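Chains as they are written, first to last, in numbering that gives the first Met the number 0: chain A, 0 to 107; chain B, 0 to 117; chain C, 0 to 324; chain D, 0 to 94.
Think of the hints as simulated: they come from the structure by calculation, not from any bench. Since we're looking at a predicted model, the values are computed, not measured. Ideal placement from N, C-alpha and C gives every residue a C-beta, glycine not left out. Hints should not be assumed to be uniformly reliable.
[To be verified] Some chain C residues near chain A, calculated using beta-carbon distances under 10 Å:
1. S184
2. H185
3. V187
4. L188
5. L198
6. F202
7. L204
8. M239
9. L258
[As the list claims (entries may be wrong)] Computed beta-carbon distance windows for the label pairs:
10. A/V39 with B/E109: 45 to 55 Å
11. A/I43 with C/L186: 21 to 31 Å
12. B/N108 with A/L73: 26 to 36 Å
13. A/F58 with B/E107: 22 to 32 Å
14. C/F268 with A/F58: 30 to 40 Å
15. C/K250 with B/E109: 29 to 39 Å
16. A/I70 with B/E109: 21 to 31 Å
17. C/L198 with B/V43: 46 to 56 Å
18. A/L66 with D/M0: 17 to 27 Å
19. C/L248 with A/I70: 25 to 35 Å
20. C/T95 with D/M0: 16 to 26 Å
21. B/E109 with A/H89: 25 to 35 Å
[To be verified] When the alpha-carbon atoms are kept at most 27 Å apart in a straight line, the in silico DSSO-like pairs for lysine-lysine are as follows:
22. C/K23 with B/K32
23. C/K79 with B/K99
24. A/K85 with A/K26
25. C/K77 with B/K32
26. C/K79 with C/K23
27. C/K172 with A/K85
28. B/K32 with C/K172
29. B/K32 with B/K99
30. C/K172 with C/K193
31. C/K172 with B/K99
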Amino acid sequence: MILETLSTLFLVLGAFFSFTGVIGLFKFPDFFTRVHAASVTDSIATILIIFGLILRTDFGLVAVKLLFILIFMLLTSPTASHALAKSARHGGLLTLAETRAPKKEDND
Amino acid sequence: MSFIVDYYNYWIVVFLMMAGFYIVISANNLVKKIVGLNIFQTSVFMMYISIGKVSGGSAPIVAEGITTYSNPLPHVLILTAIVVGVATTAVGLALVVRIKRAYGTVEENEFEDKEDLI
Amino acid sequence: MAEFIDLVLLGMLAITALRVIFLKDLFAVVMLFGIYSFLSALIFVNLDAVDVAFTEASVGAGISTVLMLGTLALTGRKEKTSNHPALLPLLVVGVTGAALIYGSLDMPPFGDPNNPAHQHVAPRYIEDSPQEIGLPNMVTSVLASYRAFDTLGETAVVFAAAIGVLSLLGLPKRDRQAIESGLKSHLVLRVVAKLIIPLTILFALYVQFHGDYGPGGGFQAGVIAAAAIILYALVLGLPMATHVVQPALLKTLAALGVLIYAGTGVANFFLGGNFLDYNMLASDPVAGQHIGIILIELGVGITVFAAMLSIFYAFAGQAERTNIQ
Amino acid sequence: MLALAATSIAILSVMALALARALRADTVYDRILGVNMFGTKTALFIAVMGFLSGRPDFLDIAIVYALINFIGMVAVLRFFEYTATDDTQNNKESS
Numbered sequence: 000m001i002l003e004t005l006s007t008l009f010l011v012l013g014a015f016f017s018f019t020g021v022i023g024l025f026k027f028p029d030f031f032t033r034v035h036a037a038s039v040t041d042s043i044a045t046i047l048i049i050f051g052l053i054l055r056t057d058f059g060l061v062a063v064k065l066l067f068i069l070i071f072m073l074l075t076s077p078t079a080s081h082a083l084a085k086s087a088r089h090g091g092l093l094t095l096a097e098t099r100a101p102k103k104e105d106n107d
Numbered sequence: 000m001s002f003i004v005d006y007y008n009y010w011i012v013v014f015l016m017m018a019g020f021y022i023v024i025s026a027n028n029l030v031k032k033i034v035g036l037n038i039f040q041t042s043v044f045m046m047y048i049s050i051g052k053v054s055g056g057s058a059p060i061v062a063e064g065i066t067t068y069s070n071p072l073p074h075v076l077i078l079t080a081i082v083v084g085v086a087t088t089a090v091g092l093a094l095v096v097r098i099k100r101a102y103g104t105v106e107e108n109e110f111e112d113k114e115d116l117i
Numbered sequence: 000m001a002e003f004i005d006l007v008l009l010g011m012l013a014i015t016a017l018r019v020i021f022l023k024d025l026f027a028v029v030m031l032f033g034i035y036s037f038l039s040a041l042i043f044v045n046l047d048a049v050d051v052a053f054t055e056a057s058v059g060a061g062i063s064t065v066l067m068l069g070t071l072a073l074t075g076r077k078e079k080t081s082n083h084p085a086l087l088p089l090l091v092v093g094v095t096g097a098a099l100i101y102g103s104l105d106m107p108p109f110g111d112p113n114n115p116a117h118q119h120v121a122p123r124y125i126e127d128s129p130q131e132i133g134l135p136n137m138v139t140s141v142l143a144s145y146r147a148f149d150t151l152g153e154t155a156v157v158f159a160a161a162i163g164v165l166s167l168l169g170l171p172k173r174d175r176q177a178i179e180s181g182l183k184s185h186l187v188l189r190v191v192a193k194l195i196i197p198l199t200i201l202f203a204l205y206v207q208f209h210g211d212y213g214p215g216g217g218f219q220a221g222v223i224a225a226a227a228i229i230l231y232a233l234v235l236g237l238p239m240a241t242h243v244v245q246p247a248l249l250k251t252l253a254a255l256g257v258l259i260y261a262g263t264g265v266a267n268f269f270l271g272g273n274f275l276d277y278n279m280l281a282s283d284p285v286a287g288q289h290i291g292i293i294l295i296e297l298g299v300g301i302t303v304f305a306a307m308l309s310i311f312y313a314f315a316g317q318a319e320r321t322n323i324q
Numbered sequence: 000m001l002a003l004a005a006t007s008i009a010i011l012s013v014m015a016l017a018l019a020r021a022l023r024a025d026t027v028y029d030r031i032l033g034v035n036m037f038g039t040k041t042a043l044f045i046a047v048m049g050f051l052s053g054r055p056d057f058l059d060i061a062i063v064y065a066l067i068n069f070i071g072m073v074a075v076l077r078f079f080e081y082t083a084t085d086d087t088q089n090n091k092e093s094s
């Protein structure tokens, strides 16, 4: 019973953080802040939701698989975000502060 | 409502099929044509899998406490079709690469003009 | 609940397809096509076709996207705007679509257990295959035993497609000089990729041999193993990858897989059975079936791995060659 | 059960929003970001869906999703490095 309540709490929190991430994807002013919003919330939402699901298993093979997914996603998701941001930087994308400096902002 | 649920999958399949068909016949670029062909192909997969679904059924892997299973036969047909589909897509893309090298373009209307060069 | 998810996912799929029509940037088209494949895999999970979803996620979304990106790198990423009017195609599509919608009204309702499709051979597969073949995964039973002849044909098609691509593009030469390529500046990516690749190959082996009990099997395992090497080639450069898995080896492996498959079938002749009827492979028919299925799944896995990887090598070799020139 | 259903609907709507982002993005990078987010959320969605339908032994598909999503990202980045010359402008896409 305690486990289930805890699991529900984790799941709801995870869903909430997913939402904040995707709202950040729309609302933040420039690309680098958007990467930030997406990747940070991605990690925390993954951790919370996977733990919420693990608490609903009988801690057997399914829990191990879930842990495997968690490790995998914690390795790949931030790496992908990092590489993307780096690639964007090399590709000449500027932050909002830099675009503002020469002229008025034109980003949406 | 039940009328919509009964036929919704088929309508979406028809829509996807027509979207793929439209890309194939209207696009000029050969890569885009292949994307269209793939969309068409996926709609056929969707059709088969929709037919194989049984309401209230479960995935056709035996487990305790489950009595209704969905039809495994369409799954088998489509599983192999997907792999073959990708293999043929690869052949198509390889042909596109060769066409680019021979004609210098992958736009259909452009290389039709150059046909007498080769 | 499942119906609701089905409704939403199919709607998303339709919107994605619609967007693909109007985009002129082919790179964006390919990205959306990746999403499209992922979405359709998700729909397959929702419609209980876990094995199909597995294949679509690995083959459709993974390999096709990589191959299409490779083609775009060679042919350019902008589609030129065509000037001839799109009215005739639109008319053709509209008329065909209307006819198909009209035809779909005669289809049996979605998910009804009394549909004709569920009356013919499916009950036999569902009720008898767990006893006859002894495997919980009915899809594997049907794929590798009841319809093994069909699957042999499909494996041969994959093999033939690989030959076709190789004869069109050719395999890259293995050279020791140009070792430095790939994503040089991405140090983090390189480290993480090195960490991921062994895990992926391990996972591919799990999928290969667990396919009898859960979703998976030779097709998926071969693709996942090929994906691991593709990741290696993408991050560390094609020359490094051809150093590890040599192109000449792939040619042998692709043929070997089909040979294992057909050889298992022929072995049954000598044991007094029919082609691809594994009952004779062991004293007990069920054990024989099990051995036969493991053998042919292995053959499928090897062929698919070699075919997919050599197709990727062919495309990547072309891109590399144009890059040097 | 209710919590699982609510979570799955929440993830589904997050996926829809990420898809919307990927469908209409100003720069290519935003599009990739949307696609990446869509991929990770889809893997989570499959995990939750397995529990929702009472057959959580299909988590392998979620692993494949996470894996292929990563490979797709790497392929896209490699494509960028390859075509780096004509990609310096943030191309606005005309639909």
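Quiz item: Which numbered hints are broken by the structure, listed smallest first?
Solution: 7, 8, 9, 12, 13, 14, 16, 17, 20, 27, 28
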